[in-house]
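Trainee: Listed here are the chains, written in short residue letters.
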Amino acid sequence: MTETLLDIKDVVVEYPSKGFRKEPFKALKGVSLDIRQGETVGLVGESGSGKTTLGRAVLGLAPVTGGGIKYRGREISKATRAQRRDLSHEIQVVFQDPYTSLNPSMTIEQILTEPLTVRKVGRQAANKRVAELLDQVRLPPGAAHRLPREFSGGQRQRVAIARALALDPKLIVCDEPVSALDLSTQARVMELFIEIQERTGVAYLFVSHDLAVVRHLSHRVAVMYHGEIVEWGDGEQVTGAPEHPYTQRLFMAAPIPDPDRQAQHRADRLRLLELQREQDVQAGVA
Amino acid sequence: MIESPPPMPAGAAKVSLFRRLLTHPTGVVSMVLLVLVALASVLAPLLATHDPNTASVQQVLAKAGSEHILGADSAGRDVFSRLLFAGQFSLAGALVALAVALILGVTAGLAAGYYGGWFDSVSSWLTGLMMALPGMVVLLAARAVVGPSMWLSMMIFGVLLSPAFFRLVYASVTAVRNELYVDAARVSGLSDVRIIGRHILTVVRAPVIIQSAMVLGIAIAIQAGLEFLGLGDRNIPTWGSMLNDGFINIFKSPTLVLWPALIIGLVCIALTLLANAMRDELERSRGPVKKSHKAAAAEAAADAEGAAEKRGAAAVVHADEPNEDAGEILLEVTDLGVGYDQPDGSTTHVVNHVNLTVRRGEVHGLVGESGSGKTQTAFSILRLLPQGGRITGGSIFFEGQDLAQLSEKEMTKVRGKRIAYIPQEPMSNLDSAFTIGSQLMEPMRVCLGISKAEARKRALSLLAKVGIPNPERTFDAYPHQISGGMAQRVLIAGAVSCEPDLLIADEPTTALDVTVQAEVLNLLRELQDELNMGVILVTHNFGVVADLCDRVTVMQTGRVVETGPVRSIFNHAQHPYTRQLLGAILEDTAPRGQYTLKELKGVAS
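So the sequences go chain by chain: A and B. Taking our numbering as reference, the numbering of the first sequence is continuous, increasing by one, and the terminal residue is 286. Taking our numbering as reference, the numbering of the second sequence is continuous, increasing by one, and the terminal residue is 1605.
Keep in mind that the hints were calculated from the coordinates and are not lab data. Each hint should be verified, as a subset may be incorrect.
Sample of chain A residues at the chain B side, in silico, Cβ under 7 Å [to be verified]: (1) 61; (2) 85; (3) 105; (4) 118; (5) 179; (6) 183; (7) 196; (8) 215; (9) 231; (10) 233; (11) 236; (12) 253; (13) 256; (14) 262.
Covered stretches of chain B (in silico footprint by chain A; criterion: 3 or more residues with CB under 8 Å from a CB of chain A, positions within the stretch not fixed) [as the list claims (entries may be wrong)]: (15) 1176-1186; (16) 1197-1208; (17) 1224-1234; (18) 1425-1433; (19) 1558-1570.
Quick caveat: nothing in here was measured; it's all calculated off a predicted structure. By construction, the Cβ of each residue, glycine as well, lies at the ideal position given by its N, Cα and C atoms.
Put together the whole structure using the sequences plus the hints.
Mentor: Structure, rendered in structure tokens:
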């Protein structure tokens, strides 16, 4: 039996609303999820569904007001700054936007050594590690002394991945890491994600709105809607034969890149919507 | 499978501000002047010919000569020596004011900007209060209370100057506080002090240096002003007190006022010019980047051009499908070129030799990755290229007129009425100051020349037509009150309000959720059927192409690589680039599958 790495139980995240004594805004309404070692859990949902908030809650960047997040049995949802620092070599992050997630005034080397200096790694060891990391994400060693702006979107995302890998984490939260990339770049960065996982056994919490991306990468998939998980299970099952009406609608909405099959798909979608409407009406009557 | 990164331009490393200033003429001149003044003040004990405070009755108002290089003042003190020693006190006083302002303003700005909360509110309020106080009056009052101390009054002035730094730093910090790289640093476990020092201070460093030069100039001027009024410490020589003395004796010895005035003026001007030079240099640093970026694009385009020529391959054109009921040709783009004029006089070409034909009733997909020139092509048809862009060649025939040759005035008649446009970001294309209804009615009244009541009726029916559940309410709503999907429907309603012949949609669903996208695609299909428009659909999503398009044109680095009916492109793509794009589609790839222990091989547990 493999170890459960991260155990998310009934997590509630609330943001205070503006205005006196107003109800706080509930971004997550009791979400439960677990991630095993070396596994990819995909988190799909539309904007405002809370998928990014869940990722930020795991990272300690969102206020958890209920439930708990356990990392290897250790409660981390209320971790202090110092405890967070200890967690930094366990849990890391790759953000969506490769243009704002790297400090434009630091060289790649400075960006990559930053997490190392926190761990008090010596100068020589750090330089060696930077070379290893660049090699791992398939960037040339000469990249170390350049600034982020000299790189393309795909290359910057590789730098961000290298930064996440710097401390050999066990879990990386990936917040839409390929959404801002071009199609062919996206495919190559995803291959890199899989390759790194197979080599290092790191687990991913992979947040994306793109069903195809999640399907391609995830062992298990959770579908979020309005701050709740509506469907959660085996990736093939959830993306192939979804059971929840919302998941069904979501998967039917994504167009298929083939004109003839898409025409069929479109008709199926309208039929499904009609069917669900009827069911809603019946449920309302009953 | 891993891309080999393209070679990167060499030697674009950071060049220090100081070195860049050395190439800036006014920067060099003002720096040299300031350094000379500072050196002269520091070396005053060595350079001075007399003690600055030794009065001599014989020498009162002595003329310039061998005894006194610049003459002597009303107490017979040597002007040249006093000028040197006064520099020490004047500059030191100004530096004291600057230091106080920097320490207070920058620290408070960093803390308020980074942490927010009550400290933010209190310090912002205090800043407002201080800025409302008249500085000179406060200084006069302070002098009355604490006596004539130059140092104390400069410290107080420093406090009064601190809002200048506070506001500057505060604005920069709030701008970067939520940047993702700051979040990434937090996740890396960096302490707040380190994050502020490493990530936030670097952002405010440059503007603070510039502001410092300005503030120093102001401090010197104000200090001279106070001393000139006779409010300073009489025991120490300063430029201001020399000015005072010279002014009293202006009829007896006019040159006395000249030297301190000259040096105060020069130092203040030099500081201001230096600040300007630094700003120029820092802003220009963004210049070459952009240029090299564009140059890189140009190189890439040139490479592609060269490669295409070598291959001798123009775009792959697929034959039309037989018995396709082709409508009349609506738009014929031939040999289109788009370029951007560069500051050095050259032109960067972003679109080269593009041919494009759109028939009535046809949805034409323009597909490509970022930098392929697809949006540039679409914008050039609308003649709405961004600043600096222009059509460099070719023709755009739309119903017998060449749009490339039309004047701006004639183009206005075509745009909106005959050719409509749907943008990518619905929210930023609605003016938040006006209701949806007024934004829909305005163009209709101009284009169709109909009355307000008529326009309102049409707008409501259009809103109903694009599937908005409660048209009346949306009509009266402001843009922030509706969702992104609704906003895109409103923009589509606006685009078709004048029943255009050609609709240009630039990534119309990219910013939308997938379920909303499906609805918007359906809507576009219905409207297109009903109005029999030609549509140019710019997109990078092959699902959208398959859903909506009749024909597809694939673009790469500013040129068309393949064009043809949608089925031929999907099923019989010939150009390697098209194949590569189609190969990158994930929809048909197998899912990752079950999580197995096998994948954990090599993991030490």
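Trainee: Please verify that hint: residue 196/A, Cβ, nearest Cβ of chain B, below 7 Å or not.
Mentor: Violated, about 11 Å.
Trainee: Was the hint right that residue 215/A lines chain B, CB cutoff 7 Å?
Mentor: holds (5 Å)
Trainee: Would you say the region 1197-1208 of chain B counts as covered by chain A, given the rule of at least 3 residues with C-beta under 8 Å?
Mentor: The restraint on the region 1197-1208 of chain B holds, since 4 of its residues have a Cβ under 8 Å from chain A and three suffice.
Trainee: Report holds or violated for the interface hint on residue 118/A, using the least CB-CB distance to chain B and a cut-off of 7 Å.
Mentor: holds (5 Å)
Trainee: Classify the hint on residue 61/A as holds or violated, based on whether any CB of chain B lies nearer than 7 Å to its CB.
Mentor: Nearest chain B Cβ about 6 Å off; hint holds.
Trainee: With a cut-off of 7 Å on the beta carbons, see whether residue 183/A makes it to chain B.
Mentor: Since chain B brings a Cβ to about 5 Å from residue 183/A, closer than 7 Å, the hint holds.
Trainee: Tell me if the interface restraint on residue 262/A is satisfied: Cβ within less than 7 Å of some Cβ in chain B.
Mentor: holds (4 Å)
Trainee: With a cut-off of 8 Å between beta carbons, are at least three residues of the region 1558-1570 of chain B near chain A?
Mentor: holds (count 3)
Trainee: Next item in the hint list is residue 85/A. Is there a CB on chain B closer than 7 Å to its CB?
Mentor: holds (4 Å)
Trainee: Taking the least C-beta to C-beta distance, is residue 253/A closer than 7 Å to chain B?
Mentor: holds (4 Å)
Trainee: Hint residue 231/A vs chain B: min CB-CB distance below 7 Å?
Mentor: This hint is violated: residue 231/A lies away from chain B, its Cβ roughly 15 Å from the closest one there, beyond 7 Å.
Trainee: Quick check on residue 236/A please, does its C-beta sit within 7 Å of some C-beta on chain B?
Mentor: holds (5 Å)
Checked against the numbered hints listed earlier, the structure breaks hints 5, 7, 9, 10, 17 and 18; every other hint is satisfied.
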